[in-house]
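The lines below spell out each chain.
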Amino acid sequence: MAVGEHQPFVVTKLDEFLKWAQSSAIWPMTMGLACCAIEMMSIVSPRYDTARFGAEVFRSSPRQADLMIVSGRVSNKMAPVLRQLYEQMPDPKWVISMGACASSGGIFDNYAITPADTFLPIDIYVPGCPPSPDALIYALMQLRREIRAGSKAEVLAENA
Amino acid sequence: MPETQTPQGDGMRLADLVTELTRVAGEDFLEAAGRTEMDEIALRPEGLIALVTALREAGFNHLLDIGGTDHHPLTPRFEISYIFTAIPLGDQRDASRLHGLRRMRLRVFPDDRDPVVPTLSHLWPSADWPEREIFDLFGVRFDGHPDLRRLLNPDDWKGHPLRKDYPLRGYDRGFVPGGRVGPVPKVRES
Amino acid sequence: MTALGVFENNPDLTLAPGDDRDTLVLSMGPQHPSTHGVLRVLLKLDGEMVQSAQPEIGFLHTGIEKQAENLFWQQAITVVDRADYLAPLSNSLCYVLGVERMLGIDGQIPERARVLRVMFAELTRIASHLVWLGTHCLDLGAQSIFFYAFEMRERILSIMEFVTGARMHQSWFRIGGLGIDVPQGFLERMDDFIARFPQRLADMRAIVEKNVIIVDRLVGVGKISQQEAVDWGLTGPPLRATGIAYDVRRVHPYSGYETYDFDVPTQTGGDCYARFLVRLEEMHQSWRIIKQTRERFPGGPVVIDDRKIVPPPKTEIQHSMEALIHHFKLVSSGFNVPEGRIYQSVEGPRGEMGMYITSAGGNKPWRVRWRPSSFYHTQALKRLGPGNLIADLVAIIGSMDPVFGDVDR
Numbered sequence: 001m002a003v004g005e006h007q008p009f010v011v012t013k014l015d016e017f018l019k020w021a022q023s024s025a026i027w028p029m030t031m032g033l034a035c036c037a038i039e040m041m042s043i044v045s046p047r048y049d050t051a052r053f054g055a056e057v058f059r060s061s062p063r064q065a066d067l068m069i070v071s072g073r074v075s076n077k078m079a080p081v082l083r084q085l086y087e088q089m090p091d092p093k094w095v096i097s098m099g100a101c102a103s104s105g106g107i108f109d110n111y112a113i114t115p116a117d118t119f120l121p122i123d124i125y126v127p128g129c130p131p132s133p134d135a136l137i138y139a140l141m142q143l144r145r146e147i148r149a150g151s152k153a154e155v156l157a158e159n160a
Numbered sequence: 161m162p163e164t165q166t167p168q169g170d171g172m173r174l175a176d177l178v179t180e181l182t183r184v185a186g187e188d189f190l191e192a193a194g195r196t197e198m199d200e201i202a203l204r205p206e207g208l209i210a211l212v213t214a215l216r217e218a219g220f221n222h223l224l225d226i227g228g229t230d231h232h233p234l235t236p237r238f239e240i241s242y243i244f245t246a247i248p249l250g251d252q253r254d255a256s257r258l259h260g261l262r263r264m265r266l267r268v269f270p271d272d273r274d275p276v277v278p279t280l281s282h283l284w285p286s287a288d289w290p291e292r293e294i295f296d297l298f299g300v301r302f303d304g305h306p307d308l309r310r311l312l313n314p315d316d317w318k319g320h321p322l323r324k325d326y327p328l329r330g331y332d333r334g335f336v337p338g339g340r341v342g343p344v345p346k347v348r349e350s
Numbered sequence: 351m352t353a354l355g356v357f358e359n360n361p362d363l364t365l366a367p368g369d370d371r372d373t374l375v376l377s378m379g380p381q382h383p384s385t386h387g388v389l390r391v392l393l394k395l396d397g398e399m400v401q402s403a404q405p406e407i408g409f410l411h412t413g414i415e416k417q418a419e420n421l422f423w424q425q426a427i428t429v430v431d432r433a434d435y436l437a438p439l440s441n442s443l444c445y446v447l448g449v450e451r452m453l454g455i456d457g458q459i460p461e462r463a464r465v466l467r468v469m470f471a472e473l474t475r476i477a478s479h480l481v482w483l484g485t486h487c488l489d490l491g492a493q494s495i496f497f498y499a500f501e502m503r504e505r506i507l508s509i510m511e512f513v514t515g516a517r518m519h520q521s522w523f524r525i526g527g528l529g530i531d532v533p534q535g536f537l538e539r540m541d542d543f544i545a546r547f548p549q550r551l552a553d554m555r556a557i558v559e560k561n562v563i564i565v566d567r568l569v570g571v572g573k574i575s576q577q578e579a580v581d582w583g584l585t586g587p588p589l590r591a592t593g594i595a596y597d598v599r600r601v602h603p604y605s606g607y608e609t610y611d612f613d614v615p616t617q618t619g620g621d622c623y624a625r626f627l628v629r630l631e632e633m634h635q636s637w638r639i640i641k642q643t644r645e646r647f648p649g650g651p652v653v654i655d656d657r658k659i660v661p662p663p664k665t666e667i668q669h670s671m672e673a674l675i676h677h678f679k680l681v682s683s684g685f686n687v688p689e690g691r692i693y694q695s696v697e698g699p700r701g702e703m704g705m706y707i708t709s710a711g712g713n714k715p716w717r718v719r720w721r722p723s724s725f726y727h728t729q730a731l732k733r734l735g736p737g738n739l740i741a742d743l744v745a746i747i748g749s750m751d752p753v754f755g756d757v758d759r
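Residue numbers (the numbering used here), protein chains in the order written: chain A, 1 to 160; chain B, 161 to 350; chain C, 351 to 759.
Worth flagging that the hints you see were computed from the coordinates, not collected in a lab.
Given the structure is predicted, the values throughout are model-derived calculations rather than measurements.
Where is the CB? At the ideal position from N, CA and C, for every residue including glycine.
Any given hint might turn out to be false.
What the hints assert, rightly or not - Restraint ranges, calculated between C-beta atoms of paired labels, are given here: (1) Pro-236(B) - Pro-127(A): 39 to 47 Å; (2) Pro-127(A) - Val-681(C): 50 to 58 Å; (3) Asp-325(B) - Gly-737(C): 19 to 27 Å; (4) Pro-236(B) - Asn-713(C): 45 to 53 Å.
To be verified - Partial list, computed: chain C residues near chain A (C-beta under 7 Å): (5) Pro-380; (6) Gln-381; (7) Val-388; (8) Leu-410; (9) His-411; (10) Thr-412; (11) Phe-536; (12) Glu-538; (13) Asp-541; (14) Phe-543; (15) Ile-544; (16) Phe-547; (17) Pro-662; (18) Pro-663; (19) Gly-755.
Could you build all of it, start to finish, from the sequences and the hints given here?
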C-alpha cells in the first residue's frame, strides 16, 4: 500500500504497535571487529548510555539479536563469517555499517579489505574513523525512525 | 641456571661475539655491520641453525621477531630478519639492573626463485607463527616447519600479497570504492 | 571451510579412537563475546576441560604493512595508528621515533614535544589498561567495573579530543615533533584529570584487587614459567608477571624516559592474577609519570625547525613564497629518508611494540615490519590453553590482553 493511503483501522494500529515495539528495543549483536568496536562499547558506558533507548542489551548469539552493527574493517577471511551470522539472525533484522571501513573500505584501499555492502544489505551507514559514540546513537535514532515509519521513503516524506 | 644472571652476559663483548659468530657461520656468512642501534649479521640460510645455536649459548635467549622484506627488483630478493635479545633469568625484579640489554639482528637471504630457510620452531616455540606469516605474505618456505600454511589470508588465497610485484589492490576485488561494478559478487563459500 | 585444513592436518583436533563420548571439537569464535576481538580458538574438549587449543587468526588482516609502502612517510602515520587500536599514540610514537632516527634528527626534537609525547603516551597506556580492566572483569562476570573504567576513559578521550581533534587514532605525533600545539585550557583539564584519577583508581582497585571471586578465578590459572615466557616471545605485562622487569622504557629508553622517576611493576606468580596486578600497578605508575610531565611542562616550539620535513605554520604560508613551496613539496611528494634499516621499539600497553623500518632512499617506506606484541601473546594460547576449563581459557585470553588489529595488521 502506498504512503498515506486509507488503510483499515485495526490493522494499521496493530502495525504501528508492532513497529513501536520493534523500534523501542533493538538488541544489537556483539559484532565488534576493530577500532569501531571500542566506540560501540562506549555507547553502553555511562556517558553515552543507550540503555535509555532500549539498546543496551548486546546479545552474543545471532539468534537473539535484531541488529548487526558491523563495527570495523571487514577482511576477506571475516566476510563469509559475517554473512553466515547475518543469515542466522531471525527476521526482522537490520544492519548498521559503522565506520568508514565497513561502509566503503575506509582508508585501506588494498587487497585485504572489502566494504560490508558487497555481501550484506545495509540499512544505515555511519561515517567516521571511528565515528564518535554520538554518531552511532544518531544512527540508532535514525534506524528507529525508519522502523516506525515503515521504510526510508516514508521517513523522508515525514521530514519533508 | 644460576640464581641471577648479570644482564650483560658472561662478559663477552659484542665485537668479540660478532667475530666468533662470523667464524661459526663460515662460508655462509655475507657481512657484518655495526649499526648505532643494533649489530647485524647477514648470512645465507645454510648457516642459520649453527649461528642461532651459538647465539643462544652466548645468552641471546629471546627471539623478538622474525620479519620478511622483499627487495625486488634487487637480488637477493627476500630478506628474513631475526631479532634477538638477551634477557637474564632469575630474580630480575630490579629494573635498574636491566639497562641496555644486548640485541642482535640476523638477516638471511635465501634463493630468489625457490626461497627456503630452515625453521627455528623446534628451538623457539615462538617462531611458529611468524614463519607461517612469512610464508603467507612472501612465499618463503621454512624447511622442517610442522604446519606450514597460510596464517593471515584465507587458505585458498592465490599469491603472496607483500611481494613487491603483487599489486596493492590485489586481483579482482569485486568492487570499486564508492560503487559496485556489476551484480553483487558471490561471497566465497567458506 | 577455511578451517577445514586445520582439522584435517592437525592430529590434535581430530577425534581419535581412544577418545570417549565427552570429547568434542569446538570452534570458539571468531564472533564471541569473550575473545576480545576476532579470534577463533579451535578447541578439543573433554567435557569442559580443554585438551588442545589452536588459535586461528587473520580475521582482521588489513594489509597495513602493504598500505604503508604506498603512502608517504608522513602519511603512513595514519595507517600505523590503526594497528593496535587501543593504543594509537604508542604505535605512531614507535614509527615516528624510528623515522626520526633514520633521518638523524632525533637529537633535535624540542623538549616540549618530548614531554608532551611522554605525557600522551602514558595517557594512552592508562586508557588502554582501562579497556582491559573493564572487558576482562566483564568476562569474569564483574560487570560494574566496566562502567567505572569506561567513565574514566571518557575523560581521557575528551582530553585527546580537546587537544588533537580525535578521540581515537589521533595521528598527532608527527615526524619532527607534534602536529599541533596544545590549546589554551589544556592545563586546567590536565590538572583536573591528575587530581581525579588516583581516587578513582583506588576505588577500582578496592573493588577488584582482593575480591574473592577475582582471586579464585585468576590465581593459579594460566601459569607460565620464566623460561617458557622467554621461549614463547612474551614481553610486557605477561613477562613482567614472571619476575623479569623487562620494560623498554628502562632497557632502551626513548623520548626522555630515563629522566622520569617511575617503578616497573613486577610480580613473580606468572599466572593470570600476577598479570592482573602488574597492569593495575602500571596505571598508577603511568599516572606518576604524567604528574611529572605536568610539573615540567616546558615552553618552546613543538616541531623542529627543518622545513624540509615539517610543514611551516599556516600563517606563514599566506605571506611567504618559500613557505608555500615547502608546504607544496611536502604535501605533493613528501620527503626522502636516507637508505637504511632500523629497529625501533617502544613499550606499548601490551608489551614491546617494535618496527623494523627499511628505507630505500625514497619518499615512501620500503617496508614497515611491525613487531606485534599481541601476536606472540596469542600464539602462547597454544601452550596456556590445554589443561584448563573453558572458563579459565576466557580468563587467560583476557589476561594476555590481545588486540587483533595488532595481531593481524
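Structure-based check of all given hints:
1. For Pro-236(B) and Pro-127(A), the Cβ-Cβ distance of about 45 Å falls inside the hinted range of 39 to 47 Å, so the restraint holds.
2. The hinted window of 50 to 58 Å between Pro-127(A) and Val-681(C) is violated, with their beta carbons roughly 24 Å apart.
3. Checked against the hint of 19 to 27 Å, the pair Asp-325(B) and Gly-737(C) fails, with Cβ atoms roughly 46 Å apart.
4. For the hinted restraint 45 to 53 Å between Pro-236(B) and Asn-713(C), the CB-CB distance of approximately 25 Å leaves it violated.
5. Checking Pro-380(C) against chain A by beta carbon gives a least distance of about 6 Å; that is within 7 Å, so the hint holds.
6. With 7 Å as the threshold, the beta carbon of Gln-381(C) comes within range of chain A, its nearest partner Cβ sitting at about 6 Å, so the hint holds.
7. The closest approach between the C-beta of Val-388(C) and any C-beta of chain A is roughly 6 Å, which is under the 7 Å cut-off, so the hint is satisfied.
8. Checking Leu-410(C) against chain A by beta carbon gives a least distance of about 6 Å; that is within 7 Å, so the hint holds.
9. For His-411(C), the suggested interface contact is upheld, since its CB lies about 5 Å from the closest CB of chain A, less than 7 Å.
10. Taking 7 Å as the C-beta contact cut-off toward chain A, the hint placing Thr-412(C) at the interface holds, the least distance being around 5 Å.
11. For Phe-536(C), the suggested interface contact is broken, since its CB lies about 20 Å from the closest CB of chain A, more than 7 Å.
12. Checking Glu-538(C) against chain A: minimum C-beta separation of about 20 Å lies over 7 Å; hint violated.
13. The closest approach between the C-beta of Asp-541(C) and any C-beta of chain A is roughly 21 Å, which is over the 7 Å cut-off, so the hint fails.
14. A cut of 7 Å between beta carbons decides the hint on Phe-543(C): the least distance to chain A is about 15 Å, and the hint is violated.
15. The beta carbon of Ile-544(C) is not positioned within 7 Å of any beta carbon in chain A (closest approach about 20 Å), and the interface hint is therefore violated.
16. Because the closest C-beta pair between Phe-547(C) and chain A is about 16 Å apart, greater than 7 Å, the hint is violated.
17. The beta carbon of Pro-662(C) comes no nearer than 26 Å to any beta carbon in chain A, farther than 7 Å, and the hint placing it at the interface is violated.
18. About 26 Å separates the beta-carbon of Pro-663(C) from the nearest beta-carbon of chain A, more than 7 Å, and the hint is not met.
19. The closest approach between the C-beta of Gly-755(C) and any C-beta of chain A is roughly 6 Å, which is under the 7 Å cut-off, so the hint is satisfied.
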